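Engineer: In case you want the letters, here they are:
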Amino acid sequence: MSRRSRLALLLFAALACTGGPARADGVVADLSSHLIAITTGFTGASVVLFGATEGRGDIITVVRGPEREMTVWRKGKVAGIWVNAEAVVFGNVPSFYAVAASRPVDEIIAPGPAALYRIGTGNLRLQTKSPATPDEAARFGAALVTEQKREGLFAADPLKIAFLGERLFRTTIGFPANVPTGTYIVEVFLVRDRDVVSGQTTPLVVSKVGLDAAVSDFATRQSAAYGAIAVVTAVVAGWLASLPFRSV
Amino acid sequence: MDIYLPIAEVSMDVFVLLGLGAAVGFLSGVFGVGGGFLLTPLLIFIGVPAPVAVASSANQLVGASLSGVIAHWRRGNVDFKMGFVLLVGGLAGSVFGVWLFTWLKRLGQIELTISVCYVVLLGTLGFLMGFESVRALLRQRRPGGARRKLHQHNWMHGLPLKTRFRRSKLYISALLPIGLGVAVGILSAILGVGGGFVLVPAMIYMLGMPTQVVPGTSLLQIIFVAANVTFLQAYTNRTVDAVLTLVLLLGGVLGAQFGTRFGMRLRGEQLRFLLALMVLAVAAKLAHDLTIRPPSLWVISTEQT
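Residue numbers (this note's numbering), protein chains in the order written: chain S, 8 to 255; chain G, 164 to 468.
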């Protein structure tokens, strides 16, 4: 993986120097792979993001998974038992969120642009779909971020982007085994004087492949047939397993 | 070695799952309970989402119970007539149960319901069975004690639709097993259990069936109820993970065969006492979890789009 990406980096550097197809306004970047394939043995994956800048500046990268509707429950004690008591529904929660930066984010970008480009878990601009006071929305939103971090779906701290010399940069983005499927968006921002001066967006697809894709696809599209097959499979397995014991 | 479960969308160690299946299958063979009441909480404990754990356990039960029934049937310990009467109620109950499950899932209270149901049911049953089996064991120590009547007569014997169940040596109203079946069907859908842990004691104490035919007959009806639940869960909630089921079955069906043979060597009272202990242990654990302050007060649920 790393050797291939290094090769790609070299190639990329060569292209950038000749001013070929990679010419862009300020920043160019790409991923070592645009597909994360979830197979039967999937335990997580990492993707290398690499690129080059025109002139000096810092780089901030945001990786955002497809948006989902999520319900945040707060447990409360009712009659001595912990139950799901209050809930707030958020309509536009990224199912995965990670930030990478070449230096601490608040040192290189002003709060205004950070909010505008939704950089950092404080700037997700979560929208409630259920009635909630601003205070509730803030509390439940903060809890959502904490829980997603615990699950590894929101990166806890900004990842480090390393510069190789003046203009080449790279970082490795890790995805846990429970990574949600869908089309991700990787945004790369060039930051100068605490503001974004240039940016680029690259898609990244996380998808089940092979047997697992077939199973989950079938379960969704042909749920009745899937249910029937699941039952039949279990019956056959149960019958087969009793065969060796027949003579006993 | 890890394996990715396509519906649960998590990776699990395949040997942990196999071991879990084998252990639960063994118990299922010994006691004639599907073992779902242990399997579902354990799956949730190792990180399978609760709805998937419930639905996949039901699927696993189909195979495990079939394997168990075959083993009991070879020894003539299955009352088919009783099994099918129970089944009529069971199917109706499971349809209602899956509907209830979907409704509770939408309310966000499904996990609470699952836990509370377990605690109440297992606690009550465990105590009843424990007391009864200890009394029976003590009675046997004293020789010459008065011979007990086959079963007590009460209001249940005044119900209409009297039917003869030859294998069980019973002449009772068919409404009793049907009603029992409905209750078990609902439990099966909500808890992902075959309901054996309710059915077995109810068959012994309520219907008065001989202990020997109880496990086989109970498993017989569990096959069909679990099959129905699996289908309905797959169709309505899309929560059956076939890969998870197959791995669990692989361990489970073998465990069930060994369990059945082991169970033959134990006497009825001992069997019931052991089952009571196990049931109480699970109930105590779940009750404890309900009342202690959870590590996190927040729960996130994602809507599938």
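The set of hints was computed from the structure by calculation and includes no laboratory data. Note that the structure is predicted; figures quoted are calculated from it, not measured. All C-beta atoms, glycine included, are put in the ideal place defined by N, C-alpha and C. Check each hint, because a few of them may be wrong.
Stated by the list, open to error - Calculated pairs, DSSO-like style, for lysine-lysine (alpha carbon to alpha carbon, straight line, at most 30 Å): (1) S:Lys82 / G:Lys448; (2) S:Lys156 / S:Lys136; (3) S:Lys136 / S:Lys84; (4) S:Lys84 / G:Lys244; (5) S:Lys136 / S:Lys82; (6) S:Lys84 / S:Lys156; (7) S:Lys156 / S:Lys167; (8) S:Lys84 / G:Lys448; (9) S:Lys156 / G:Lys268; (10) S:Lys167 / S:Lys215; (11) S:Lys167 / S:Lys82; (12) G:Lys332 / G:Lys244; (13) G:Lys325 / S:Lys136; (14) S:Lys167 / S:Lys84; (15) S:Lys156 / G:Lys325; (16) G:Lys325 / G:Lys244; (17) S:Lys215 / G:Lys448; (18) S:Lys82 / G:Lys325; (19) G:Lys244 / G:Lys448.
To be verified - Listed next, the stretches of chain S that the computed footprint assigns to chain G, with coverage defined by at least 3 CB atoms under 8 Å from CB atoms of chain G: (20) 53-63; (21) 107-117; (22) 164-176; (23) 235-241.
Engineer: Next, verify each hint and record whether it holds.
Structural biologist: Hint check:
no., hint, result
1, S:Lys82 / G:Lys448, "holds, 19 Å"
2, S:Lys156 / S:Lys136, "holds, 22 Å"
3, S:Lys136 / S:Lys84, "holds, 25 Å"
4, S:Lys84 / G:Lys244, "violated, 47 Å"
5, S:Lys136 / S:Lys82, "holds, 20 Å"
6, S:Lys84 / S:Lys156, "holds, 25 Å"
7, S:Lys156 / S:Lys167, "holds, 17 Å"
8, S:Lys84 / G:Lys448, "holds, 18 Å"
9, S:Lys156 / G:Lys268, "holds, 24 Å"
10, S:Lys167 / S:Lys215, "holds, 28 Å"
11, S:Lys167 / S:Lys82, "violated, 36 Å"
12, G:Lys332 / G:Lys244, "holds, 12 Å"
13, G:Lys325 / S:Lys136, "violated, 56 Å"
14, S:Lys167 / S:Lys84, "violated, 41 Å"
15, S:Lys156 / G:Lys325, "violated, 61 Å"
16, G:Lys325 / G:Lys244, "holds, 13 Å"
17, S:Lys215 / G:Lys448, "violated, 37 Å"
18, S:Lys82 / G:Lys325, "violated, 50 Å"
19, G:Lys244 / G:Lys448, "violated, 37 Å"
20, 53-63, "violated (count 0)"
21, 107-117, "violated (count 0)"
22, 164-176, "violated (count 0)"
23, 235-241, "holds (count 6)"
Checked against the numbered hints above, the structure violates hints 4, 11, 13, 14, 15, 17, 18, 19, 20, 21 and 22; every other hint is satisfied.
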